Structures are given as structure tokens and as C-alpha cells.
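Trainee: Protein chains in written order, with my numbering: chain U, 1 to 203; chain X, 1 to 242.
Hints in this document: simulated from the structure, not taken from any laboratory.
These numbers were taken from a predicted model, which means no experiment stands behind them.
Do not take every clue at face value.
Taking lysine to aspartate or glutamate pairs in the DMTMM-like style, the calculated list, with each CA pair at most 20 Å apart, reads [stated by the list, open to error]: (1) X/Lys116 with U/Glu57; (2) U/Lys75 with X/Glu109; (3) X/Lys102 with U/Glu108; (4) X/Lys234 with U/Glu130; (5) U/Lys80 with X/Glu111; (6) U/Lys56 with X/Glu112; (7) U/Lys124 with X/Glu111; (8) U/Lys148 with X/Asp238; (9) X/Lys102 with U/Glu167; (10) X/Lys23 with U/Asp168; (11) U/Lys75 with X/Glu111; (12) U/Lys134 with X/Asp238; (13) U/Lys67 with X/Glu112; (14) X/Lys22 with U/Glu167; (15) U/Lys99 with X/Glu96; (16) U/Lys114 with X/Glu96; (17) X/Lys231 with U/Glu108; (18) X/Lys234 with U/Glu129; (19) U/Lys75 with X/Glu112; (20) U/Lys117 with X/Glu57; (21) U/Lys134 with X/Glu233.
Here chain X is said to cover these stretches of chain U; the calculated rule only asks that three of the stretch's residues, wherever they fall, bring their Cβ under 8 Å from a Cβ of chain X [what the hints assert, rightly or not]: (22) 76–84; (23) 91–100; (24) 110–119.
Even for Gly, the Cβ is constructed at its ideal location relative to N, Cα and C.
This is what each chain is made of:
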Amino acid sequence: MEDLIATIEALIFASDEPVSIEEISKALAIRVRDVKEALDELYTAYLDKRHGIYLKEYNGRYIFVTKPEYVSVIKEMHQKRITRLTPAALETLAIIAYKQPITRAEIEEIRGVKAEKTLLTLSKYGLIEEMGRKETIGNPIVYGTTEKFLEHFDLTDLSHLPEVLPEDLQIVDDVGEGSYGLAGGEEEELDLFGEDSEELNED
Amino acid sequence: MTYELHLDSFQGPLEVLYQLVKKNRIEISELSLASITEQYLDYMEKLKEFNLELASEFMLIATELIQLKLRTLLPVDKGEEGEKEDNSDLVRRLQEYHYFKKVSEILGEYEERGSKYFRRAIELDFFIDEEIEINLDLKLADLRGAFICAMTAYHTRSPEEEEESEREWKEISFEDIRIEDKIDFIINKLKETASVLNFSDLILDKNNRLEIVVTFLGVLELARLAKISIKQEKVFSDIKIK
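Produce the complete structure using the sequences and hints provided.
Mentor: Structure (C-alpha cells):
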């Protein structure tokens, strides 16, 4: 068993992309159940405080990542740039995540604005991809989220997408202004041309 | 027209309505939306200097709002209208808009959380094939020479060369390709083929741009007349014709 755990550790470490249980099972010619068992042990072993990295699962695929508590030192020494999406990009992505596969026209119907540029940016960052075409007039392209999307939002899989409860949808009690908040004076201009004309900010 | 540049990040008419709902702290319902119709119209008033396309989208929602407003002002005739249109389309859209606003706020927090993990950095050199590494072991003078050569190449052509290129230009002539002829050609070709025909099979001379365009127009016309059906798997792939 120990040998198996070490072998799987090596396999995952050597890969640039998350490795699936099936891939490991095939490569080592062992049962999926045994792989899962070994992965569990490997996961637990790395939770130990002596390790700065641990095993993370995205959609049944595993990869080693640094532990969140070391984010600031890593950022400082390695000059890591972190990509943060603008509200407009986030909203578009949320719609795609919940309604996939979805066409551009359907997204635009919900958002009330053109989505072409946002879709291009999201594709460029590998957060969404074309999933084929819809069988309607014009055969429009349908979009869906990628595994990189799961990683970007720290989601194990799509079933972990956030749910909004009806009580959180009350506007009247919703005093928290958020990024769109518009409290105060009658004469205040609606802030529609926010500072975020760039789709992505990096900090 | 600098506004054009902003179009995509601009939040649009639904956002305006949403902001007004939040500002007035009201529920999303027909009655409450009707009550902010004036505010919305005021906003549109300021918008007049915007381009037409944008204004028309605002107008669409304005008409729906006015319709809601009218319904609240007119006495309800239960017999006819009843409660049929309980929730108007605008209410439904705005509720959905609000839902995704909330979701994206949570996703924003998730993003923050997700930005705290780093994968092992990938060694880029590992992927670069040795053969495509460019040998830049040359003197500055060589580079300068090559640059001058490239920049002046056009001007240093001999008169014969010039004349020849002139002649080449004159040789290009437009053939008269008529859509009617192409349509007949496509139909005949389809009769010969039992199964599916590729668009590329219809082009006799691949370098003749006019022929490609006319053939394409012919295909579109036939599709419009429902005489053929066309399908393209993905962008730039061959068009299949039946």
C-alpha cells in the first residue's frame, strides 16, 4: 500500500494537469477502488502541517497545489499575478455555469446587453468553451464551463455551485450595497460606465 | 462616437431598471415597476445623445413599463383579462437578472478563495522544441543590412521587373459568372451525387474569388427556396449540402 501511495504521488506530481482516477487506474493496472483508497491516504498525509502543499480534487481529477495560508509569501517572492474578473464577466460566467449549454443570444437576453466581447475574454482565459451547436435555426454555438473554471472558483464540481435562497433575494431588506450599490441622494447619477471597461483586472 | 467602445461593458437597460429598483428599495413586481416608470423615462431622456441601437433597446423596456403603468391605472376588467398575465415578461426577466447578480456576488467570494492555490509552475523551456530556437548569433551590422535590404526591396526593382508586374495586373480579368448559371450547376451536380455534397466540390477554380462568392450566393438562394438543406459542423469547416 505504501508503495502504491508513493507511486500515485509521483504520477500526480509529474503531471501538468489534474490526473483522473481512471487514468491512474489504467496506468497502474489496478482497480479504481484501490486508487481511491490510496488517494484518500495521500490526501490525509499532506494535510499534515509539515507540508506546504496538498492534494486538491476538481471534477474527479487530482493535482497538488500550495496551501492557501502561504498565498502572500508566494505572491511576493514569485511575483504571481492573480486574475480577477469584473462584475460583468462574473455575471456572464454565472449565467453560463447555471444554464449550460447556452447560446450567446440566450445570455444576452438575460443580461440585456451584448455579450460577444465578454465571451471572447472568458474563452481566452479558458473558463468557458464551445460545447457544440444547438439544433435550432442557424445552429448557434453553445457554451459551457471548463475544468479551469472549477479551479478558478475553488469548486470540486458543478454541483457545488452556490445557491441563492429566496430570503437572500429580498431587495427591501437588502441594505448591503455591494459593488452596484446606489445609496443616498436623489440626484445621484447611475454609475453605469464603471471603471471596469477592461474585462479583467490583475492585482 | 466613443460610446461604441463602451457598449459591451455597459450594463444596459435591465441594469438601469435594476439600479432603480435597488435605489427605491422596492420589490420586483408589476405594481412596483410601474411606480418607477417615470424615473426610468427620466433616465432615458438623458440618454438621447446615445446611439440609436442602444436607445432602441431602452425603448423596448420603456414600452413594457408604460404598459404596466397603464394596467395599474385602468380599472381591471376581471371578466376579460382576469389573472392571466399574472407575471409580466419584464418582471420575470428582472427577477432572473437579480438572481444572477446575487450568484455572481457569491462567485466573486469563491474566486477570492480560489486565488489562494498555486499549482506547480510549469517549466516552459521543456516544451520549446530545440529546433525552433532561433539562432541570434549575428552582428548588429548584419541585422542592419538585412533590415535595409528588406525596406528598400520594393524601390530597387529593375524597370523590367516593374513592367512585368504591371502586365500581371492587366491580365486579371473578370469572368462573367451569373448566379442563375451557378444555381443550375449546383442542381445538376446534386442530381449526379446520391449523398451529401461539399461546398468545396462546387468550386471549379479555387483561386477565383468571384466564383466562390457567386457559388455561395447560389447556395444561399437555394436554401432560401428550401430546395436544399445546408449544414456546417463548425466555423470554417466545409459546408455540407443535401
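Trainee: Any hints from earlier that this structure breaks? Give me their numbers in increasing order, please.
Mentor: Numbers 8, 17 - these are the hints that the structure violates, sorted from lowest upward.
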